[in-house]
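There are 4 protein chains.
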Amino acid sequence: MSSHRDLTIQNSLVIFCDLQVGFQKSILHIEEILDAALFLRKSARLVSIPCLFSEQWPEKYSHVVDTLEAREEEIFSKRTFSLMGSPTASELVVSKKRECIIFAGVQSHICVQQSVLDLLANGFSVFLVTDAMGSRRSIEHTMALESMKQEGAIISTTEAVVFQWFRSVDAPYFEEFQHLKRPQQ
Amino acid sequence: MSSHRDLTIQNSLVIFCDLQVGFQKSILHIEEILDAALFLRKSARLVSIPCLFSEQWPEKYSHVVDTLEAREEEIFSKRTFSLMGSPTASELVVSKKRECIIFAGVQSHICVQQSVLDLLANGFSVFLVTDAMGSRRSIEHTMALESMKQEGAIISTTEAVVFQWFRSVDAPYFEEFQHLKRPQQ
Amino acid sequence: MSSHRDLTIQNSLVIFCDLQVGFQKSILHIEEILDAALFLRKSARLVSIPCLFSEQWPEKYSHVVDTLEAREEEIFSKRTFSLMGSPTASELVVSKKRECIIFAGVQSHICVQQSVLDLLANGFSVFLVTDAMGSRRSIEHTMALESMKQEGAIISTTEAVVFQWFRSVDAPYFEEFQHLKRPQQ
Amino acid sequence: MSSHRDLTIQNSLVIFCDLQVGFQKSILHIEEILDAALFLRKSARLVSIPCLFSEQWPEKYSHVVDTLEAREEEIFSKRTFSLMGSPTASELVVSKKRECIIFAGVQSHICVQQSVLDLLANGFSVFLVTDAMGSRRSIEHTMALESMKQEGAIISTTEAVVFQWFRSVDAPYFEEFQHLKRPQQ
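Protein chains in written order, with the working numbering: chain D, 1 to 185; chain F, 1 to 185; chain B, 1 to 185; chain S, 1 to 185.
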């Protein structure tokens, strides 16, 4: 199994799964999830780690929330719950040539879980940013974490990932990083 | 160990354990359990996945609750806590020729646990639908999950299972599925 | 690792660790623990499973609580926290020639944990009766369970163990068993 | 994996990570953490187990809190989050020639986690004193424990460690030990 020790700025790819306008009303703790996701997004951009944003069935659930400032070339849509079920999405992920995938988004037990299990089966290391993940109901989120852990996903949080990238207060961009607003809840 | 990725409509069998009238008063959160079980039942029927319903000692605990609409040929009774302890029940389960067993019902620490451990020992993959399971006391349910997990049962929830069956919004019957009422709590 | 499936009336030994008068004031949820322990005690006696009761430093902490009706030959005292640290106690446990040890008592993180790890290292299977175990503080109990689980102890509860012994409503003594008062909380 | 059974007074080293004045305001349950850390410190000193205290970026976060009575030769500063990232600190830890590291401090998901994973990768056994550890937010602490557990760290608490050192009420210094004030919450 992989370790947080393997995480570097050079081998990381961040995937934000289905953080769309259309899911906002139904997900538990969505404000805290988006707050943590925004912190992860800004941290990744600061150190030039690539980000991808999936949109599930955008005709129905609309687009990624504006606050995350997803750029067009970072967004892909899908109709399978697993992002690896769409050849375009799957090729996009593979084309980034990054072994460690930092995974955030919703819903933990549907699109997140199906994507994460496929990524693991394809040899990626997957780090679950649990404070930037959620489901409609609490039990669905909790049990999905258990299930993904059972298959080798690594449990993490936004700050645990980001501080692992920096490793030291002397790292490039760490000073700028300290001005970012941290997740509050 | 098996994975949610192995789950298909073709290899799944759903077992509802002892969801009988006679247990309703004593089980914690029985309404939520039956609510989730009903959703699982309707979803399975929609995609023609076979279901079985066990009845523990029906002379004492009466029959499966009406709302689940169990058909006579889907029901079997037992006097051992494990459904694999009854040759009739065991043969019925085996006769379905399905490797993946989706398991729901009560009580998590008695009939569910004994059945699940026997099923695992007989080579089946078992997915625990934790939101459709319960015991008289909270600690009994929680610790039974731990114990079954220790032996290789896979942690899940109703929606995690059902969305794994569909895999895509383009799957047959997905449109009808969207009209089903989801578990609320 | 062992399984609840291995548990039989013939291969089980129940150990009640340090359920003494002198610990009663300091242990969290002591009434529920004693309630569950009493149910386990009575069930074991009904099917003639041997029980042992340890007393830690009885000069200071006094004797096993009366309600458990421990007989003199079932009691042994110790000064090491692990009951396997005392040759007399260790020989007594071994002399019972039972592979499966059902373990209850206090404190989860001191005498229980040290005893359980020694029993596991000596080749016994150990089933933790978590509803009949406790510590002074909640975190101590919870983390001790994690720690013992990490080393192969099996998570259980009183009813999970006892119903595994019976396996069927047709088992000898099951009718008498149904008259026992079950743990309430 | 190591076991509490391996812990002895002779092979233990206690590391208190970043328990500095500058972190006091932001860490959840900091009073309980310091209370438990103080008990661990006093117990270690009683039986002459060496202790080390790290200070993260002391120019910014100031020094170890006074109550722990850290002596100058026990303190080292660092700018990497992992204490193994500083050659001086790393050599100091190695020079103690102790295989079992008892680890306490803050923040669980940053400096603690990065240090612990490095220590494990360097062949040390690491015991997490979970009641003397913490983070700014609850989820960060909980998930860091999960993550460190996934890589082989052993879950523990202050009393579980200290009573494992003593093993018996007849151990040297056990009488003095009984006069120490125990963690309260």
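Because the hints were derived from the structure by calculation, they are not lab data. Please note that the accuracy of each hint is not assured.
Unchecked claim - Okay, the calculated bits of chain B under chain S, using three or more residues with CB under 8 Å as the criterion: (1) 38 to 47; (2) 66 to 76; (3) 111 to 125; (4) 133 to 140.
What the hints assert, rightly or not - Simulated pairs of lysine to any residue, SDA-like, Cα-Cα distance not exceeding 25 Å: (5) B:Lys60 x B:Gly22; (6) S:Lys181 x B:Leu52; (7) B:Lys60 x S:Ala171; (8) D:Lys149 x B:Thr142; (9) S:Lys149 x S:Glu59; (10) D:Lys181 x S:His179; (11) B:Lys25 x S:His179; (12) S:Lys149 x D:Asp170; (13) S:Lys25 x D:Asp35; (14) B:Lys149 x F:Thr142; (15) D:Lys181 x S:Glu59; (16) D:Lys181 x S:Gly152; (17) D:Lys149 x F:Glu99; (18) B:Lys60 x S:Pro58; (19) S:Lys96 x D:Ile139; (20) B:Lys149 x F:Ser3; (21) B:Lys149 x S:Thr8; (22) D:Lys149 x F:Thr142; (23) S:Lys149 x D:Lys181; (24) F:Lys60 x B:Pro172; (25) F:Lys149 x D:Ser138; (26) B:Lys60 x S:Glu176; (27) F:Lys25 x D:Ile139; (28) S:Lys25 x D:Gly123; (29) S:Lys60 x D:Asp170; (30) B:Lys149 x S:Ser62; (31) F:Lys149 x B:Phe124; (32) F:Lys25 x B:Phe177.
As the list claims (entries may be wrong) - Negatives, chain S to chain B, calculated, CB over 10 Å: (33) His4; (34) Arg5; (35) Pro58; (36) Val65; (37) Phe76; (38) Glu151; (39) Ala160; (40) Phe166.
From a predicted model like this one, the values you see are computed outputs, not experimental measurements. All C-beta atoms in this analysis are idealised placements derived from N, C-alpha and C, irrespective of residue type, glycine included.
If you look at each residue in the region 133 to 140 of chain B, do at least three have a Cβ nearer than 8 Å to any Cβ of chain S?
holds (count 4)
Distance restraint between F:Lys25 and D:Ile139, which requires alpha-carbon spacing of 25 Å or less:
holds (23 Å)
Reported absence of S:Glu151 from the contact zone with chain B (all CB gaps over 10 Å):
Answer for S:Glu151: holds, closest chain B Cβ roughly 12 Å.
Need the status of pair D:Lys149, B:Thr142: alpha-carbon distance at most 25 Å?
holds (20 Å)
With d taken as the least Cβ-Cβ distance between S:Ala160 and chain B, does d exceed 10 Å?
violated (4 Å)
Quick one: work out the minimum CB distance from S:Pro58 to chain B and report holds if it exceeds 10 Å, violated otherwise.
Fine: 30 Å to the nearest Cβ keeps S:Pro58 off the interface.
Holds or violated: S:Lys96 to D:Ile139, with C-alpha atoms at most 25 Å apart:
Judged against 25 Å, a Cα distance of about 46 Å means the pair is violated.
Hint consistency between F:Lys60 and B:Pro172 [alpha-carbon to alpha-carbon, up to 25 Å]:
holds (18 Å)
Does B:Gly22 sit within 25 Å of B:Lys60, going by the straight-line distance between their CA atoms?
Holds. B:Lys60 to B:Gly22 sits at ~7 Å (cutoff 25 Å).
Given the proposed pairing of D:Lys149 with F:Thr142, does the C-alpha separation stay at or below 25 Å?
Status holds; Cα separation ~17 Å.
Does the structure keep S:Lys25 and D:Gly123 at a Cα separation of 25 Å or less?
violated (42 Å)
Taking only the CA atoms, is the gap from B:Lys60 to S:Ala171 under or equal to 25 Å?
holds (16 Å)
In summary, the numbered hints that this structure violates are 1, 2, 6, 9, 10, 12, 16, 18, 19, 23, 28, 30, 33, 34, 39, 40.
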